[in-house]
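Participant: With the hints as constraints, model all of the structure from the sequences given.
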Amino acid sequence: MNAEHNTILINGSFKAEYIVFAEQISGKSPNIRTLGNLINKFVEKHLLIEDFELPFFYIVNPKYFSKGTKIAREKLLQRLLSTEYEGKINKEALLNEPLQSFFKGK
Numbered sequence: 043m044n045a046e047h048n049t050i051l052i053n054g055s056f057k058a059e060y061i062v063f064a065e066q067i068s069g070k071s072p073n074i075r076t077l078g079n080l081i082n083k084f085v086e087k088h089l090l091i092e093d094f095e096l097p098f099f100y101i102v103n104p105k106y107f108s109k110g111t112k113i114a115r116e117k118l119l120q121r122l123l124s125t126e127y128e129g130k131i132n133k134e135a136l137l138n139e140p141l142q143s144f145f146k147g148k
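For the sequence shown, the working numbering assigns the number 43 to the initial residue and increments by one for each residue that follows.
Calculated from the structure, these hints are not laboratory results.
Quick caveat, the model's predicted, so the values are computed rather than measured.
Heads up, some of the hints might be wrong.
Listed next, with one range per pair, are the computed distances between beta-carbon atoms [claimed, not checked]: (1) E59 with T111: 24 to 34 Å; (2) A114 with K70: 27 to 37 Å; (3) A114 with A135: 32 to 42 Å; (4) G129 with A58: 31 to 41 Å; (5) E46 with G78: 21 to 31 Å; (6) S71 with K117: 28 to 38 Å; (7) A45 with H88: 15 to 25 Å; (8) E92 with V62: 20 to 30 Å; (9) E128 with N82: 19 to 29 Å; (10) N138 with E46: 14 to 24 Å.
Each residue gets a CB set at the ideal place from its N, CA and C atoms; glycine is no exception.
Facilitator: The structure is reproduced here in structure tokens:
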């Protein structure tokens with residue numbers, strides 16, 4: 043995962059590597075279709091956010107996990123809450139507080 047942008051590339055290569063990994067650690071592995079359905083569920087539940095600039099890239103919702111610093115996480119949240127993503131993502135899914143509260147202290 044890219045620490046600065048909290049992104050992950052989920053392409054065919056990633057899926058194939060994940061299937062091998064799952065087989066090694068659990069003795070079972072999802073098929074490619076099941077894995078695709080799981081990724082779609084992560085998007086539906088706002089754990090992953092589709093990056094509309096790059097195909098196969100997803101932003102890991104920084105509300106739940108951020109690999110970067112606290113400042114980098116806040117910058118990413120501000121970017122996702124900006125007009126750049128207006129109408130493309132559920133902004134309420136990014137915060138633990140109402141949207142307006144996030145900007146009050148800024």
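Participant: Given the range 31 to 41 Å, decide if the beta-carbon distance of G129 to A58 lies inside it.
Facilitator: holds (34 Å)
Participant: For E46 and G78, compare the CB-CB distance with the range 21 to 31 Å and indicate the outcome.
Facilitator: holds (27 Å)
Participant: Taking 28 to 38 Å as the hint, is the beta-carbon distance of S71 and K117 inside that range?
Facilitator: At 37 Å between Cβs, range holds.
Participant: Between the beta carbons of E92 and V62, is the distance compatible with 20 to 30 Å?
Facilitator: Once the Cβ atoms are compared, 25 Å apart, the range 20 to 30 Å for V62 and E92 holds.
Participant: If I claimed the Cβ atoms of A114 and K70 lie 27 to 37 Å apart, would that claim hold in this structure?
Facilitator: holds (36 Å)
Participant: Starting from the range 15 to 25 Å, see whether the pair A45 and H88 falls in it by beta-carbon distance.
Facilitator: Roughly 20 Å apart at Cβ, these two residues keep to the hinted range, so it holds.
Participant: Is the distance from the Cβ of E128 to the Cβ of N82 consistent with 19 to 29 Å?
Facilitator: Because 23 Å falls inside the window, the suggested range holds.
Participant: Confirm or reject the claim that N138 and E46 have a C-beta distance inside 14 to 24 Å.
Facilitator: The hint (14 to 24 Å, Cβ to Cβ) holds, given that N138 and E46 are roughly 23 Å apart.
Participant: Within 24 to 34 Å: is that where the Cβ-Cβ distance between E59 and T111 falls?
Facilitator: holds (28 Å)
Participant: Taking 32 to 42 Å as the stated bounds, is the beta-carbon spacing between A114 and A135 within them?
Facilitator: At roughly 19 Å between Cβ atoms, A135 and A114 fall outside 32 to 42 Å, so the hint is violated.
Of the numbered hints given earlier, the model fails hint 3 alone.
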